[in-house]
Amino acid sequence: MDVDTITLFFAMLAVLGIGFLLVCLVFFVIALIHGARTPGTRLALPDSLAPLRAGVGQVALPLAFAVALTSMLGSLYLSEVAKFPPCELCWFQRIAMYPQVLILGIAALRRDVLVKWYSVPLVLIGLGISIYHYLVERFPATVTFSCTGDIPCSTVWVWKFHFLSIPAMAGIGFSLIAVLVMLARTEQLPTKSEAVLASQTPKSQNEDS
Amino acid sequence: MNEPKHEGADPYANLSNRTTGHRPKTGLMIIGATVAVVILLGLVAFFVTRSENNSDTEAISKDTGAEAAQNAQQEQASVTVIGQPLPEYPKTTSMVAPPAEDPAVGQTPPVLEGFSFDGTPVKIDPADGRAKVVMFVAHWCPHCQAEVPLIQKWIDEGNKPKNVDFYAVSTSVKADQANYPPSKWMIKVGFSPKVMLDNPSGSAAQAYGLPGFPYFVMMDSAGKVTQRASGEVPIDQFGTLVISLGSQPATP
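Sequence lines, in order, name chains D and F. Position one of the first sequence corresponds to residue 1 (our numbering), numbered consecutively onward. Position one of the second sequence corresponds to residue 210 (our numbering), numbered consecutively onward.
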């Protein structure tokens, strides 16, 4: 398999990741709307969506680990096999991504949802650098227009589907990890009926007393 | 008596509050679906790029740099430089050196004698009576990787004046860098101009005063340099320069 095949595969994984993030956003909006109509809670999913939410919560940490591992192996492939030399900003993103493999791997084994306190800050730093790197690529204000030896950060090694470059894919990886880690919760998000029940219970207890 | 709950005080206290253990089937289904989709994407990527590579091979024309690259026996070759090297490229912030500032304008570049990928001799002789564009490219340079396909597209669209010859010199070849070997790159682009291979010390590039990649030297039918440019020149600007070269009379 050549470099084109592998980079296309990474790009398609990134598109899959974008799809997942969009679905999460839709679920979040639905939960907000239902939560607003439900007393006692800000977020509540319809009963029909609750099993799916619970299932995602259950596998979120292993999935986040898989995203981090894929991102790390992908970046190593691009630099060591495809021979795309990483620029300075690439290295900063690596610093934010590589430890995630270890942190999230241990967290997935221990099912430790508190890992979000360690993972998310690092992810946010990496995401910020990815966004900046992507902007440097798209709007190369300080761009060098010829090659003299150093690799400028504005160099676009991979460009797929007219919007995906390496920092864009890294940014999607960081976003996925952040969302997945936040979805791995100790408690299931209440369904609408559970939230209604919960809001009614203290009231009935007060009446009894 | 109920003991007070120390939420957050003990970092290990909440470890028992593990991710929801019920509804295991949904979690397994999500994992299974993810793995299936990833495998499917891998297969799609494999077959899409394979069909693209096949169509690239079919597009190669005869007697071109790409055809020589198809029968590649070498990525670097010996080069003979005959004549005085061009002076240093002027220090300018512009990609296209202003002729007034370029000491090479009006000078005759040296003759280059070398070989292509398949061992075919290639000679760049400024005094052969034809205007020409000589471009120096490096396979690992992202600016060259961006520019070369655009130039080929420009040629394919029939924009190249018939009285202007194009040559490429593949130089600064590094086996441990991206996009190696350059022959494969030329095949992929379907590059039609003849390609001369520079030697490991870059003698051809040095003789023409290369400042960076890509690098263009344009000369008229009298063999005199009319323009030099270094960098990823926008294709419209490049086209204007070449058409202007084809239409201008030879420098006396």
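Treat the hints with caution; some may be incorrect.
Heads up, simulated SDA-like pairs for lysine to any residue below, C-alpha to C-alpha not over 25 Å straight-line [what the hints assert, rightly or not]:
(1) F:362 / D:3
(2) F:300 / D:80
(3) F:393 / D:165
(4) D:160 / F:362
(5) F:383 / D:5
(6) F:362 / D:77
(7) F:393 / D:80
(8) D:83 / F:386
(9) F:383 / D:77
(10) D:83 / F:411
If you want the footprint, here are the derived chain F segments under chain D, 3+ residues with CB under 8 Å [said to hold, decoys possible]:
(11) 350-361
(12) 385-392
(13) 417-429
These aren't lab readings, by the way, just hints derived from the structure by calculation. The beta carbon of each residue, even a glycine, is placed where N, CA and C say it ideally should be.
Verification of the hints:
1. F:362 / D:3: holds (23 Å)
2. F:300 / D:80: violated (35 Å)
3. F:393 / D:165: Roughly 23 Å between the alpha carbons, so the hint for residue 393 of chain F and residue 165 of chain D holds.
4. D:160 / F:362: holds (19 Å)
5. F:383 / D:5: Given pair residue 383 of chain F, residue 5 of chain D holds - Cα atoms ~23 Å apart, limit 25 Å.
6. F:362 / D:77: violated (30 Å)
7. F:393 / D:80: Roughly 19 Å between the alpha carbons, so the hint for residue 393 of chain F and residue 80 of chain D holds.
8. D:83 / F:386: holds (5 Å)
9. F:383 / D:77: holds (18 Å)
10. D:83 / F:411: Distance ~21 Å between residue 83 of chain D and residue 411 of chain F Cα, so the pair holds.
11. 350-361: holds (count 5)
12. 385-392: holds (count 5)
13. 417-429: holds (count 5)
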